[in-house]
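Protein chains in written order, with my numbering: chain A, 2 to 229; chain E, 13 to 384.
Do not rely on the hints blindly, as some may be mistaken.
Said to hold, decoys possible - Keeping only pairs whose Cα atoms sit at most 30 angstroms apart, straight-line, the calculated DSSO-like set for lysine-lysine is: (1) Lys81(E) - Lys201(A); (2) Lys121(E) - Lys81(E); (3) Lys183(A) - Lys117(E); (4) Lys183(A) - Lys316(E); (5) Lys201(A) - Lys316(E); (6) Lys81(E) - Lys180(A); (7) Lys180(A) - Lys316(E); (8) Lys233(E) - Lys201(A); (9) Lys207(A) - Lys380(E); (10) Lys72(E) - Lys180(A).
Derived by calculation from the structure, the hints in this document are not laboratory data.
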Amino acid sequence: MQFDILARPAASAARITLGAGESVTCEVGAMIGMSSGISVETTTRSRGSGKGGVLKGLKRMFSGENFFLNHFTANQADETLLISPQSLGDIVHYTLSGGSLIVQGGSWLASSNGVEVDTTFQGLGNALLSGEGIFWVKCSGNGDLLMNSFGAVYEVDVDGEYTVDTGHIVAYDDTLQFKVGKSNKSLLGSLLGGEGFVCKFSGQGKLYCQSHNPPSFGSVLGPKLKPR
Amino acid sequence: MKSTNSIISGGVFNDSIEGGRAGAEIGIGPQGISAILADGTRFDLSFEAVELEIGGASGKMVFCRNEDKTLTIFTEDKRFIHSLSAAGSMLIEQKVAECLKTNRKRGRKSRRNVLTGLVLLALACWGIYEVVLYGARAAVNSLPISIDQQIGEVAMSSMDLQGGVLEDPVVTDAIQSMVARLAPHASVSGFEFDVTVVDADILNAFALPGGKIVIYTGLIKEANRPEQVAGVLAHEMAHVTKRHGLQRIGQTLGISGLATLLAGDLGGLAVLTELLAFSTINKYSRTHETEADLEGVRMLVAAKIDPSGLEEFFEIMQHEHGDVPAAIAWISTHPDHEDRIREIQNSFQEETTAGFEPLHLDWDEIVKRVNR
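Just chain E, with the same shape it has in the complex:
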């Protein structure tokens, strides 16, 4: 019979100890396990009586208990279980093997549960996303257009446009003429499109609910031909007619409401709900962008304006700003430019039979004026 004399740090639970627990040095002898406290008090567990269990906060702590559980010797030292197995007793070797087997089985079950939980969580996120997407859309479509107009006016008046309004009639009339050509082909009638040209070197345009559109001179400067600007305007007008602004408000409110309904006490889910809201809102935003691209192309084709202008504009954007790296695309609010260009190409390839009519504008003069 082999004896192991290694001393290992651990602890003891026993009612005779003040506070019920104390640190101890643990030894393995030929007949059993011993624990010696700092004050010299000794506790012994024979191999015959001992019951083994692995657990604790780390999941790696070994607990050795007597039958009536009045004495527990424990340690997290990795050497302990191996030393116990090699103590020379067939009985303890068997008990160690059984304990490790139970622990492995429990580990597999736990991993399976976590995996199942993650799959269910992913399904719940997808479900919430779909419910909110369609719920917000249905709710917004049942509201009168006047609500969009009121929200748009309030937003416009409180917004910092980051530049002065350009008053040059040659430029503003040209932009307004593009809108006038597109407006009759909007999928929803009743919106009044009002474009403001802002004198700032920003490559951007945006739409507010109700029909207010802001376009920056920085964008006009970058365009090589008027069809590119008309493409951007059609995209922004599509955001208005598809009522994306109101849907976004409804969706943001809906996520927290639905999560509360589904999960009850949200106190325990703070990390999860933040993550869910963040990724879902941005995914929702990307869906809107793609939808506005496609609806914009439809409007351009209907107005007999060459839709490849929008595609060309995204190529300019790609050249100027590059693309969002694929790894972080899911947290972006916009789809990457390559995807958008591909989507647009696919959508109007079917429409090439329509005869496009050019926009009769002196584009060089307009660009010259915004460059002043």
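If we strip away everything but chain A, and leave its shape as in the complex, we get:
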């Protein structure tokens, strides 16, 4: 299985080249096009482990993903599949080797068979104030994973502490944890500075951030749109 990310970073799409019998699971509605030797199956279960079902599908919906999953399987070698996320932005390829990656709800795009996709809760404070969804997607196992961001994505190697503005997290290693806090030492300064709350990461591992966040973009664009 080979992954090529095209047209980075503003309107990225991923080209996945599959070997005979290889399979990839994608977000519903992500497919742009595919070669003729690929068959598609829609289920609520993960392909590799066969785990899941209605309950897992419902859990995925709570994290901002879809109830169903699309599985694309190549019937012969060198079949290609083109996919893209719903919103504009970048795609990042990540290789899981035994650990877990905590992905922002809505940023999981595709994964290979060995990756288990589940839902996780990161605490009440983080759910209410992080600017992300209440539930997160937890990807674990061994295999390839594609995530999408709003705007460009940048990778940070955290070793100690690192601060990200709310709404800018794409994913982070399970070896990291974050807490929502004030951006400034004083609460008033935090609020008047326009940054409000921020996510303070600690630990060791990789963190993926996005250059833009949909609510801020929406608040800039919204007033300029004509009422329907």
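Dock chain E against chain A, hints included.
Below, chain E alone, put in the same frame as chain A:
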């Protein structure tokens, strides 16, 4: 000295590994912790050198580091910390105990912070609610009544009334006569009350800013005596004189404005602001309903109309539709009927000395006409 041979899944951070991180099988020996990668590479940490920490996304991951932090062995396996404690080394047992103590302390602090945060949040919500409530009321009261009338006319012309306008003068004159008796007792003068009777089987009536009131024949049919309809009309007229329609517009705009002012970047607060707006707007609406009930009773008493008609009407509503379950009452836009009946009873018990004059209307004839 006891040795533990259990193999546990985890990982290693070290610069010699490609990408800096790899999965590993972790073992606990009599002298230290070992991690073996899939390619056979082995990393060791002695109990003397190891520093322990609990963290990670789950808050349950155990990190074992050397002094200069160049090697970290980690795992989320629940057996690891217990196996480590039982490895037979007094030194590591002490380190595990200290690590668990620090973690418990941090957990307590974190829970305390969340609790404090929630209390502060509740206080901020209450503060916003109070500021918006009084701010919107003061702002609306400073505006001329002509604005209410203009908004009411625009709303009426663009509204689907869900039925045709009833032209029967016997019915419309009777309703208008109730309004005429109540109007001189409105707390604010200058409003022109204009009632439209709509022929539809709907048990409802509503008022628009400025004085336009719509009453459905479904409501007239259900009433046993004219005082019950007069009670509903007085309630709707009170919404007009208290200018609740304009206050609601001001309050809806005020919530998002104030939240932006207080929280700066709203990007991170989408979930919270939605929840706040939803519950506050509905709480605000319930306050208006109770206020309109009480002002309606005041107007009825002043017009010498028996206010128990309004109470009876809520009893009919309760009988027809039941009550909102107490558990979800906070998201409802109306207070429950039992509460409203109690409030009305309390308000006019003090007024029973006033001599009420009946509405001289042939109610059976009016009901017969709306039933045609």
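Status of the hints after comparison with the structure:
no.	hint	in the structure
1	Lys81(E) - Lys201(A)	holds, 21 angstroms
2	Lys121(E) - Lys81(E)	holds, 26 angstroms
3	Lys183(A) - Lys117(E)	holds, 22 angstroms
4	Lys183(A) - Lys316(E)	violated, 60 angstroms
5	Lys201(A) - Lys316(E)	violated, 66 angstroms
6	Lys81(E) - Lys180(A)	holds, 23 angstroms
7	Lys180(A) - Lys316(E)	violated, 63 angstroms
8	Lys233(E) - Lys201(A)	violated, 63 angstroms
9	Lys207(A) - Lys380(E)	violated, 77 angstroms
10	Lys72(E) - Lys180(A)	holds, 15 angstroms
Figure legend: structure checked against the earlier numbered hints; hints not met, in rising order: 4, 5, 7, 8 and 9.
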